[in-house]
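**Student:** Residue-level listing of the chains:
There are 4 protein chains.
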Amino acid sequence: MMKSEEVMRILENAIRIGKGVIRYGSVASYIPELAKADKNKLGICLYTIDGNQFETGNTEDRFTIQSISKVMALCLALETFGAEFVFDYVGVEPSGEAFNSLVELDNRSNRPFNPMINSGAITVASLLVNHYSIEDMQKYMQDVCEDPEIAVDEAVFQSEMATCARNKAIAYLLKSKEIIDTDVEDSVTFYTKMCSMSVNARDLAMFGLLLANDGVQLSTGKRLISSQTVRMVQTIMLTCGMYDGSGEFALRTGIPTKSGVGGGLLSVSKKKMGIGIYGPSLDKKGNCIAGCELLGYISEALHLHIFDTREWKVEE
Amino acid sequence: MMKSEEVMRILENAIRIGKGVIRYGSVASYIPELAKADKNKLGICLYTIDGNQFETGNTEDRFTIQSISKVMALCLALETFGAEFVFDYVGVEPSGEAFNSLVELDNRSNRPFNPMINSGAITVASLLVNHYSIEDMQKYMQDVCEDPEIAVDEAVFQSEMATCARNKAIAYLLKSKEIIDTDVEDSVTFYTKMCSMSVNARDLAMFGLLLANDGVQLSTGKRLISSQTVRMVQTIMLTCGMYDGSGEFALRTGIPTKSGVGGGLLSVSKKKMGIGIYGPSLDKKGNCIAGCELLGYISEALHLHIFDTREWKVEE
Amino acid sequence: MMKSEEVMRILENAIRIGKGVIRYGSVASYIPELAKADKNKLGICLYTIDGNQFETGNTEDRFTIQSISKVMALCLALETFGAEFVFDYVGVEPSGEAFNSLVELDNRSNRPFNPMINSGAITVASLLVNHYSIEDMQKYMQDVCEDPEIAVDEAVFQSEMATCARNKAIAYLLKSKEIIDTDVEDSVTFYTKMCSMSVNARDLAMFGLLLANDGVQLSTGKRLISSQTVRMVQTIMLTCGMYDGSGEFALRTGIPTKSGVGGGLLSVSKKKMGIGIYGPSLDKKGNCIAGCELLGYISEALHLHIFDTREWKVEE
Amino acid sequence: MMKSEEVMRILENAIRIGKGVIRYGSVASYIPELAKADKNKLGICLYTIDGNQFETGNTEDRFTIQSISKVMALCLALETFGAEFVFDYVGVEPSGEAFNSLVELDNRSNRPFNPMINSGAITVASLLVNHYSIEDMQKYMQDVCEDPEIAVDEAVFQSEMATCARNKAIAYLLKSKEIIDTDVEDSVTFYTKMCSMSVNARDLAMFGLLLANDGVQLSTGKRLISSQTVRMVQTIMLTCGMYDGSGEFALRTGIPTKSGVGGGLLSVSKKKMGIGIYGPSLDKKGNCIAGCELLGYISEALHLHIFDTREWKVEE
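If you're matching them up, the sequences are chains A, B, C and D in order. Counted the way my numbering counts, the first sequence spans residues 1 to 316. Counted the way my numbering counts, the second sequence spans residues 1 to 316. Counted the way my numbering counts, the third sequence spans residues 1 to 316. Counted the way my numbering counts, the fourth sequence spans residues 1 to 316.
Chain A on its own, in the form it takes in the complex (with noise of 0.2 angstroms):
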């Protein structure tokens, strides 16, 4: 059993061990607005399945949500059209390609690996596109991380439309073949702007807790998942959420985890806690250095890997 003091004592080790690996990484460059970021913050939230939160560093920052989003979108797309009809159109294989890729969709495969990666994710905003507004899906992140704040960060939007280039080759590919059937620049329009919203490591947090709790709200008891969904969505970002580092790391830690390149970490331990983070400082994969780092040692620590067979316990 463990008492509130000893999980912070965890935390602030966690930092500190996050901190110890930050100079190593750097934040994204590739889109100018990103590369603003302050390379040296670090935030983590916890929200437990039994009510407390615990939290230390740079947890109120704002940032981008970046490919964190890809799995809103597709919690939101597995609701609204059924398992079976999305993965008609984007897989649930990893890859072991970088998230950008090109060549696993032209050569190996008549669709998107899975819909972590961007060819999947813009194909699934291009299934949600044809019944949803840009407005609604803001909502729904609203809703799920129980932030009404929650926003498209127009600089960031507009830098990354200058710089899009790589991902409307992938979605003209993905039109030359079929996969997707809506006008093509609503559709990259629609994914960049959900990539654009603003967030902080609480949402990803509170996210990660609705997940942990099988899509029921903790506050309210309201079921806003299906517990299908939520399983799907956990499988899916433990085996690739990751980008091509995924199985490295659901080895390491067993924590199905999800990154963005603004420098969010989403995790979730089901029946047991949400966990957001947030450090721009990236490893060459893309994912936050200090956070992948620091989960190791939180995974051991609390007794997080999915399969750990030892109890878990966190009391008041």
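Certain hints may be false.
As the list claims (entries may be wrong) - In silico DSS-like links for lysine-lysine, alpha-carbon gap of 30 angstroms or less: (1) A:284 to D:284; (2) B:285 to D:177; (3) D:39 to B:177; (4) D:3 to C:271; (5) D:177 to B:177; (6) B:284 to A:177; (7) C:285 to A:177; (8) C:177 to A:39; (9) C:177 to D:284; (10) A:285 to B:177; (11) A:284 to C:177; (12) A:177 to B:285; (13) D:19 to D:41; (14) A:139 to A:271; (15) B:284 to C:284; (16) B:177 to A:284; (17) D:271 to C:3; (18) C:177 to A:36; (19) C:36 to A:177; (20) A:285 to C:177; (21) D:177 to B:284; (22) B:177 to D:284; (23) D:36 to B:177; (24) B:271 to A:271; (25) A:177 to C:284.
To be clear, the hints were calculated from the coordinates, so they are not data collected in a lab.
Given the coordinates of chain A, work out where chains B, C and D should sit on it, guided by the hints.
**Tutor:** Relative to the frame of chain A, chains B, C and D by itself:
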């Protein structure tokens, strides 16, 4: 709470469901000796962590373990050399490629993607061959499966050696890249012999139980495998165990599983049970077609999906 | 020594041979407007360096020049910017890939393999679009083909623009790699317009004669293209002109040739003749099936293989 | 018209130009025995079709023929089995890949792309090994080079056999695809021995002259190779002879050429001359760096580009 009769009823349903798809698969044909198998065979055995055994169908039929031996070999290598050493030679990323792919090795990486594909397993075998005889390996498999009858099926072994040009190609490629430094012929022979070990569904269930019980033998309370190795092995089975169908299988069943072209399936449900299945009719990716189908049903019926939040209990 | 009647007899044989294989091909179907072509059309025109013209079949039928325009565009780019500049943006290696491949661009090289595949030709178009209007390009084609009637076929142009998602994917990929720095839409429009120019077999034969005569217009003695450009263009036609069938075609005919999916073939026999062929029934690689077949015969009959050591002479 | 003194002056210039770039290359290092070569050596020999010999530098130094033997092996195979049979096993397309690539074989085609890369040449060797001993092959090379001294360099042969894991990987892959049906070890040994034949620049020039003279031995008037084979071999040399640098080399020199990592270059100028070069300093693609440079100069100075329209004549 579930009673024994309920579990047996579920197993009977499972067998019925499995039998319904046998005709859509076919036995392995690329190894002449394997082509002789009776595709209508099907058996399943469950060993639960509270000491029960449930089984139905052809659970005593012997077949060659094939790729499932990759799991035992990985366990032995991790316990002998440590994770850091082993994962210096072989990665842990799903590759999105078929089991016998060479391309991913030559083009996309400097080491095999993971130990569940042939290139990775041959690399593991080349580490083992320096320290162990094939008799040692046989003894290890007998121990973890609690079956002293496990032995090389000579007919299958000879048949495989006569048709192993592709594995030799892989091994020589590994040699040329200095990933293996032992004799190529020795490594391929060791690998082929360990794949030719003859087991039954009960053996696989018993080994599954060992992993489900965190590496501790249930009957004796003796630890055979370390917790860390057990966690890593289950993670790799989940992300890479079913070749390029791993992601979809994980999504659907959420049960760490490894298949062999001999028709075997090894499944682990943490703190719940080990499952062994035999059914030589294979799907296009080389996995037991009936077993994959019935595991989907069992996962739902017994709440075995790793991200399932429901209680599980089997009672007398 | 060969007399005119002999040449005409050979041409008649060639047409018969070509017609014999028309049924094994089919007209281009991916562009709706091209699908309307009559697959039984076949025509061939020879302009020899000693001033003779031989022709038979549908040599006056107009069709869109398609990929053959890549040769004119390359000539114009080389003459305008010089070889060093142009080949900094696009390579000269055969790729072994199909005409519309993206993989080779993203995975195997930092620039398009050569100017005869779409990625290379779009790159050349992006260089030209900075200096020339499409009217300039049209004028250039009229000049080198000595046909003032050459103009954009608006129906084909519109049809292609409506189905050019893959070319846009290629162009945006080039943009993302900073290989093209002009506006993507402008470059694709220029490229598509130059492909939509309407020509006949005589036009192609006339342009072939210009190349066969080292870039000097036979009728006026005026040099239109430099010797160096002519040599380079013929080399690239020989090694890369028939997509992933270039090697086999070169082996068999030894005649630098470029095909277009509109059904055209442009062939050059140094110091001997230019050849233009029209036949919209295409083989699987997108080359005029009758033309490829009959060029094999003509090459042998008229001693046109580039490594043929026999004398050649057409006399009155 | 050019006099002998003029040719000699051009050759001296060529050597000077070649020597200027030697320092940018390095000797082959992957075969220990080859690493012993003196990188400053350079020699060139021309045998013209009118019976003259011009040479300068190290034209009597012996070195192993390496990949240039692929040309002789192809000639022998074509003469023995016919083109149709041979090209059923190996293609004639440039691959855009390095000489020792496996990927193109496993991923992009069902047979080796062409006989000038290792996979293709090992396939040709496997055809020959059924009909010829290595002594027969040696005799063939002695005949076409008119040098009875050609023999296996045992030190190089042993050195290569000790480091041929990649070639064995290729051969076993070919075996697994049923492209070769002979014993793998026999085929690799035959291939390695033919690569280990010791020649000098004069030998290569003499073989080049034979090809330049349409397969007829100049001294005796005896036809050694058929016209058809000579045409095909030159075409393949032009399109595939310099590995993934073939296209650029063809553009620049227009001379069918084959390189070997022993430092040799074999060039053919139809109806003009054969050229042999020795210079063990190699560029990054494995081609003699000085030879490639000086051939560019010689091609221009002597009008040897295959698409050059200028007259050529060497007179006493």
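**Student:** Work down the list of hints and note, for each, if the structure agrees.
**Tutor:** Each hint, compared with the structure:
1. A:284 to D:284: 28 angstroms, holds
2. B:285 to D:177: Given that 30 angstroms is the threshold and the Cα spacing comes to 19 angstroms, the pair holds.
3. D:39 to B:177: 26 angstroms, holds
4. D:3 to C:271: Between residue 3 (chain D) and residue 271 (chain C) the Cα gap is close to 25 angstroms, so the pair holds against 30 angstroms.
5. D:177 to B:177: 22 angstroms, holds
6. B:284 to A:177: Status holds; Cα separation ~24 angstroms.
7. C:285 to A:177: Holds, at about 19 angstroms.
8. C:177 to A:39: Satisfied, since the Cα-Cα distance of roughly 27 angstroms is no more than 30 angstroms.
9. C:177 to D:284: Measuring from Cα to Cα gives roughly 24 angstroms; hence the hint holds.
10. A:285 to B:177: 24 angstroms, holds
11. A:284 to C:177: Holds. Residue 284 (chain A) to residue 177 (chain C) sits at ~19 angstroms (cutoff 30 angstroms).
12. A:177 to B:285: 24 angstroms, holds
13. D:19 to D:41: 9 angstroms, holds
14. A:139 to A:271: Since the Cα atoms of residue 139 (chain A) and residue 271 (chain A) sit roughly 26 angstroms apart, the hinted pair holds (cutoff 30 angstroms).
15. B:284 to C:284: OK: residue 284 (chain B) and residue 284 (chain C) at ~28 angstroms, within 30 angstroms.
16. B:177 to A:284: It holds: about 24 angstroms lies between the C-alpha atoms, which stays within 30 angstroms.
17. D:271 to C:3: 25 angstroms, holds
18. C:177 to A:36: Holds, because 23 angstroms separates the two Cα atoms, which is no more than 30 angstroms.
19. C:36 to A:177: 23 angstroms, holds
20. A:285 to C:177: 19 angstroms, holds
21. D:177 to B:284: Given that 30 angstroms is the threshold and the Cα spacing comes to 19 angstroms, the pair holds.
22. B:177 to D:284: At roughly 19 angstroms apart (the allowed maximum being 30 angstroms), residue 284 (chain D) and residue 177 (chain B) satisfy the hint.
23. D:36 to B:177: With a Cα-Cα distance of about 23 angstroms, the restraint between residue 36 (chain D) and residue 177 (chain B) holds, given a limit of 30 angstroms.
24. B:271 to A:271: 16 angstroms, holds
25. A:177 to C:284: Given that 30 angstroms is the threshold and the Cα spacing comes to 19 angstroms, the pair holds.
Of the numbered hints listed earlier, not one is contradicted by the structure.
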